[in-house]
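**Q** If you want the building blocks of each chain, they are given just below.
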Amino acid sequence: MEIPESVKKRLTLPAEEHFYAGHTACQGCGASLGLRYVLKAYGKKTIVAIPACCSTIIAGAWPYNTLDANLFHTAFATTGAVISGIEAALKALGYKVKGEDGVMVVGWAGDGGTADIGLQALSGFLERGHDAVYIMYDNEAYMNTGIQRSGSTPYGAWTTNTPGGKRHFLEKRHKKKVIDIVIAHEIPYAATASDAYPEDFLRKLRKAQKIPGPSFIQLFAPCPTGWRSPTDKSIEIARLAVQTAYFPLFEYENGKYRINMPSPKKEPKPIEEFLKLQGRFKYMTKEDVETLQQWVNHEWEKLKKLAEVFG
Amino acid sequence: MEDTLFGEKKAEARKLAFTSVEQYPEAPISLGTTLSNFTGDWRTFMPVINEEKCVKCYICWKFCPEPAIYIKPDGYVAIDYDYCKGCGICANECPTNAITMEKEEK
Amino acid sequence: MTEYKPIKKVVSGNYAAAYGALHARVQVVAAYPITPQTSIIEKIAEFIANGETDIQYVPVESEHSAMAACIGASATGARVFTATAAQGLALMHEMLHWASGSRLPIVMVNANRALAPPWSVWDEQTDSLSQRDTGWMQFYAENNQEVYDGVLMAFKIAEDKRVSLPAMIVESAFILSHTYDIVEMIPQELVDEFLPPRDPLYTLTDFDNPISVGALATPNDYYEFRYKEAMAMERAKKVIKEVGREFGERFGRDYSQMIETYRTEDAEIVFMGMGSLMGTVKEAVDVLRKEGYKVGAVKVRWFRPFPKEELYQLAKEVPAIAVVDRNFSFGQEGILFNESKGVLFNTDARPLMKDYIVGLGGRDFTVNDVRTIARDMKKTLEKGKVKEEVVWYHLKR
Chain A
1 MEIPESVKKR
11 LTLPAEEHFY
21 AGHTACQGCG
31 ASLGLRYVLK
41 AYGKKTIVAI
51 PACCSTIIAG
61 AWPYNTLDAN
71 LFHTAFATTG
81 AVISGIEAAL
91 KALGYKVKGE
101 DGVMVVGWAG
111 DGGTADIGLQ
121 ALSGFLERGH
131 DAVYIMYDNE
141 AYMNTGIQRS
151 GSTPYGAWTT
161 NTPGGKRHFL
171 EKRHKKKVID
181 IVIAHEIPYA
191 ATASDAYPED
201 FLRKLRKAQK
211 IPGPSFIQLF
221 APCPTGWRSP
231 TDKSIEIARL
241 AVQTAYFPLF
251 EYENGKYRIN
261 MPSPKKEPKP
271 IEEFLKLQGR
281 FKYMTKEDVE
291 TLQQWVNHEW
301 EKLKKLAEVF
311 G
Chain B
1001 MEDTLFGEKK
1011 AEARKLAFTS
1021 VEQYPEAPIS
1031 LGTTLSNFTG
1041 DWRTFMPVIN
1051 EEKCVKCYIC
1061 WKFCPEPAIY
1071 IKPDGYVAID
1081 YDYCKGCGIC
1091 ANECPTNAIT
1101 MEKEEK
Chain C
2001 MTEYKPIKKV
2011 VSGNYAAAYG
2021 ALHARVQVVA
2031 AYPITPQTSI
2041 IEKIAEFIAN
2051 GETDIQYVPV
2061 ESEHSAMAAC
2071 IGASATGARV
2081 FTATAAQGLA
2091 LMHEMLHWAS
2101 GSRLPIVMVN
2111 ANRALAPPWS
2121 VWDEQTDSLS
2131 QRDTGWMQFY
2141 AENNQEVYDG
2151 VLMAFKIAED
2161 KRVSLPAMIV
2171 ESAFILSHTY
2181 DIVEMIPQEL
2191 VDEFLPPRDP
2201 LYTLTDFDNP
2211 ISVGALATPN
2221 DYYEFRYKEA
2231 MAMERAKKVI
2241 KEVGREFGER
2251 FGRDYSQMIE
2261 TYRTEDAEIV
2271 FMGMGSLMGT
2281 VKEAVDVLRK
2291 EGYKVGAVKV
2301 RWFRPFPKEE
2311 LYQLAKEVPA
2321 IAVVDRNFSF
2331 GQEGILFNES
2341 KGVLFNTDAR
2351 PLMKDYIVGL
2361 GGRDFTVNDV
2371 RTIARDMKKT
2381 LEKGKVKEEV
2391 VWYHLKR
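Residue numbers (the working numbering), protein chains in the order written: chain A, 1 to 311; chain B, 1001 to 1106; chain C, 2001 to 2397.
Be careful, since some hints might not be right.
What the hints assert, rightly or not - With a Cα cut of at most 30 Å, we get these calculated DSSO-like pairs of lysine-lysine:
no., chain 1, residue 1, chain 2, residue 2
1, A, K44, B, K1056
2, A, K45, B, K1015
3, A, K96, C, K2161
Hints in this document: simulated from the structure, not taken from any laboratory.
This is chain A alone, in the form it adopts within the complex:
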C-alpha cells in the first residue's frame, strides 16, 4: 500500500516493509520486531543467516519465507562462520559488500547462539575482519527450546532450568557481557540497541553498514513468553531496561565509547521498575534485588568511566 508522501515525511522509520506478516512469533515478540527493523534498514539487497533460535521459526517454516531477503538457515554454533563464508563468496563473485550500495551480510542470532554455543565462531568472524554485521538479539535465555538459562540470563531470573523452588535455585550468575568480549576484539564498530528505541537502532544499523569491517550490535529483545510478562508490555520493559541502566545503550567506534541512553548525568531508575513487570523475577528476595542492583551500578559506573576516558 502506498503511504502518502505527506505522511512519509513524518515517519521516523522507513516506510518500506521487507518483513512479512503471517509469521508465527509469539504475541508481543521482540525478536520479530527487531528483524523487521533490520530489514527496514537494509532492504532487499541483504543475505541473512539465522542459526537455531526462535527466528528459525519466525522466519517461516518451509516452503515460506518471512523475509523479503535471501535467508540461509544454519546450525546453532555457526552464525559467525557462515556469514564469513557468504562474505568471502560475494567478494570472489565480484559483488560489492557492505557500504551504501553493497550487499549486506547479516548474522541474526539469539543470545544462546551468540554468548554460548556460537561464541567461538563469533570471535573468529570478528578477528578475521569480515565485512558483515552480526546482530545478537538478546532475550536472555534459550526461548525456542522452552526458556532455559543462557550465559546472557541475568542474576535472579527464573528459567525452566533455574526453577527456584525450595532451595531458591534461580540463576546465580550475572549476565555475560558479550559486548565487552566483542569490544576486546577491537573491531571498528560495536553497539547495544533496544527494541524500545528503533530510531537509535536503525541509526546504528546504518552506521554498521557504512563502516568497513565487522560490526556487532546487541539488541535487547523482550520475550513475553519467557519473561512471564504481559504481551503488551514488551516495549515498556525494554525502555525500562535502558532507563534503569540495566541495559544501557552505547556505541564503541574506532576505540571510542559513547553512551546514548540513559543520561550519564542523571541517576538511573531503580532496577525494581524493570523487574516488577516480569514474572521471571518474582522469586527474587530483597537481597537478590540488591545484588542485581549493585551489579547494575558497578557496570554502569564502569561504562561511564570508559566513556569518560575513551570518549
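Go by the hints and put chains B and C onto chain A.
**A** Here is chains B and C on its own, set in the frame of chain A:
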C-alpha cells in the same frame, strides 16, 4: 481484498501443499511468503482505533511486531485483523489512548 | 579441443590436492590446519601469495567453522574447497549433513588418519568411513595421481545438477599425503574445457526473488527431501561413470568404473580394499601369481555411492573374497566387509568372504602380509566355509 499493508503481495499469497514428490524442489528452498498464514485467529483481545483521539504519531505502526498496522491514504492508521495477534503493544504505547483492547466475540 | 600434453610434477599427495583445487579454479577456501592435511592449505596459501590465484581464503578458527564457512560460500554461489583429517572431520560431522542437505557441491580432501585416543596421526580409514551416512560422495585415492584427478572429477560430478551433492576425496596419511611421486597435471585451458564454471542449483544473490534455504520442514514434507537426496546419490553413479569416461578420453586415465579390478579374470581369491593399501595389494598379486596363487585385486574407488552392481558382478565370478579393512566399526566388523556382504544378501552370489582388519593407526601393511592372508584364505577355500569371519590380522599374540 482491501488495500492493506501488503496489498498485492497479500492477495497473491497462497498456501502451498504438495501431493507428489515431483512437485518438491530439488533443494529445500522456500517458494512463497508467510502472508498466506492468517494469524488473526490467535487473538483474544482486538485493538480498536478511535480516530477522534488519534494524533497520527505512528508510534503504534512503529512498534507492531507483525507488522499488522498500516497507514491509510487519509493518514490515519488501521489494523489488518488478518494478521493482528492482539498483543496489545499498540494500545500500551499509544500516547493518547486512541487504541483500546476489546474482548473479541468469535 | 587443444592437444593434451601433461605437465609432470613430482609432488606429495597434499600438493596434488592443492594443485587440483587450483586447476579447478576454486573461488573460496575455508580451512583449519590439522596433520596430515596441513600442507594442502599451506600450498593454497602459497599460490595466493605468489599471485597465481585470487582465491578468497578464510583461515577459520575450527573445522566446524571451516565447513560452515564453506557452506555459506557455496550457498552464495562460489566453487568451494577445503581439507581436513580425523579429529577435524569428526568435529565437522554436524556440518557435513548441513552441506549435503543444502545440496551444496563442496569438495573436500580428507587425509585418512586414525582417531584418538590414544593419539595417532597415522593412516586409518575409520574417520571418513564413520561419515558414510552424511550424504557425501566418497572417493578413495590409491596414489597421488588419483588425488589430483579425483579433485578435478569431484567438482564436475558434485556440481552436475543431477547430483548437487558434496564430495570427499580421501587420501592416506603420510603414505600419500607426504610421499612424493610423479603426477601428470593437466594444462589449465584443458581443465577449463573439462570443468566449466559452476552453474548452481540456487544462489543467495537473486535479490529480486529472494529465497530461504533449509527452513523447518514438518513431518509432512521432510521425508520427500530425504528421498530427493537419496535419488541424487543414486543418479551420481551414472554421472561418476560419465565423468570418469570423459576424463579418460581427454586425459588418458579412465575412471569410468566405480571399482577397479586387477587380474581377477580367473582368480580364486580376490583381495578387496580401498585407498593406498591397494597399491601394496596389487604388487602382492603380481608376486603371488608368480608363486602359483590364482589371486586378483579389487579396489573400491567410490564408497559413496556404493558400487553395489559392480560388486555383485564380481562376487558372481569369484569363489573367495578377502576384504582388507583399514578401519573398524565397534560391535560389528570392518566397514567395507560389512557393506559388501550386505549388498550380496538378496542375490545369488555367495563367495566365501573374510575380513582382515589391517593397518589400524598406521601399522605397516606389506606384500608379505598379503601372502599370509592368501594362505589363510586358501585354507578357507579348501574347507569350503568361513569359521572366523573377522581376523585381527596384526595382533601380537
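**Q** Each hint needs a verdict: does it hold in this structure or not?
**A** Tested hints:
1. Between the alpha carbons of A:K44 and B:K1056 the distance comes to roughly 28 Å, so the proposed pair stays at or under 30 Å and holds.
2. Using a Cα cut-off of 30 Å, the hinted pair A:K45 and B:K1015 holds, with the two alpha carbons roughly 26 Å apart.
3. Between the alpha carbons of A:K96 and C:K2161 the distance comes to roughly 28 Å, so the proposed pair stays at or under 30 Å and holds.
Violated hints are absent here; each numbered hint is respected by the structure.
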